[in-house]
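Trainee: One letter stands for each residue in the lines below.
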Amino acid sequence: SQTIHQWPATLVQPVGSPLSLECTVEGTSNPNLYWYRQAAGRGLQLLFYSIGIDQISSEVPQNLSASRPQDRQFILSSKKLLLSDSGFYLCAWGGQGYEQYFGPGTRLTVT
Amino acid sequence: DQQVKQNSPSLSVQEGRISILNCDYTNSMFDYFLWYKKYPAEGPTFLISISSIKDKNEDGRFTVFLNKSAKHLSLHIVPSQPGDSAVYFCAASAIYNFNKFYFGSGTKLNVKP
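Residue numbers (the numbering used here), protein chains in the order written: chain A, 1 to 111; chain B, 112 to 224.
One should not assume that every hint holds.
[Unchecked claim] One side of the interface only, derived from the structure: several residues of chain A facing chain B at Cβ under 7 Å:
(1) Trp7
(2) Ile51
(3) Ile53
(4) Leu90
Source of the hints: derived by calculation from the structure; they are not laboratory data. Idealized CB from N, CA, C, for every residue including glycine.
Same shape as in the complex, but just chain A:
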């Protein structure tokens, strides 16, 4: 069966510090991978999606970047965090069908 891992579960970082969130998927190959953010009181905003290694689409201009160095690894990064980067970050994978399967999420607080 497929599983998706995200870490860390929670993170508190000062403004201006770098960020690296990692997501890995097991039990499937060549998945579509996604990064979403849910800001407080808001819905899910798609940040990036990837259909293959080094194939990343950015959905919104922002302070973040994404990379996919391996088939089942998706990394969300920032060189300098802003207060507005606080939120709940979700990684998801999708196969040939339409459903997406989400990881447990990372709660990021930028102070």
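Go by the hints and put chain B onto chain A.
Mentor: Just chain B, lined up with the frame of chain A:
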């Protein structure tokens, strides 16, 4: 520009009654719709979906209705149970880009015992 909208941020229902969660969309190219359920501090879990070739899909206590002319879909939960209390998101995808999903802002359902 939000292409999928859930205009009710919250809904409160008595246990055993019907819960109806609504979702509207603006893009006529959307052809696949999904509902997700999310508990606090967890990732959303897939609940039910519907293709645009159908107007109804049922799975146990959950039924999704699609009205393409109105660009509206709804999720019915009958009977509602306290464990259904969660945030519900609807999402839509277009056939020309099925990799990309647009999510609504969510509706927080509270089922009172």
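Trainee: Against chain B, run the beta carbon of Trp7 of chain A and see if the smallest gap drops under 7 Å.
Mentor: Because about 13 Å separates Trp7 of chain A from the closest Cβ in chain B, which is outside the 7 Å limit, the hint is violated.
Trainee: Hold the hint about Ile51 of chain A up to the distance rule: shortest CB distance to chain B must be less than 7 Å.
Mentor: holds (6 Å)
Trainee: Does Leu90 of chain A meet its interface restraint, that is, does its C-beta lie within less than 7 Å of any C-beta in chain B?
Mentor: It holds, given that the least Cβ distance between Leu90 of chain A and chain B is near 5 Å, below 7 Å.
Trainee: At a threshold of 7 Å, is the proposed contact between Ile53 of chain A and chain B supported by beta-carbon distances?
Mentor: This hint is violated: Ile53 of chain A lies away from chain B, its Cβ roughly 15 Å from the closest one there, beyond 7 Å.
Taken one by one, the earlier hints fail for this structure at numbers 1, 3, listed in ascending order.
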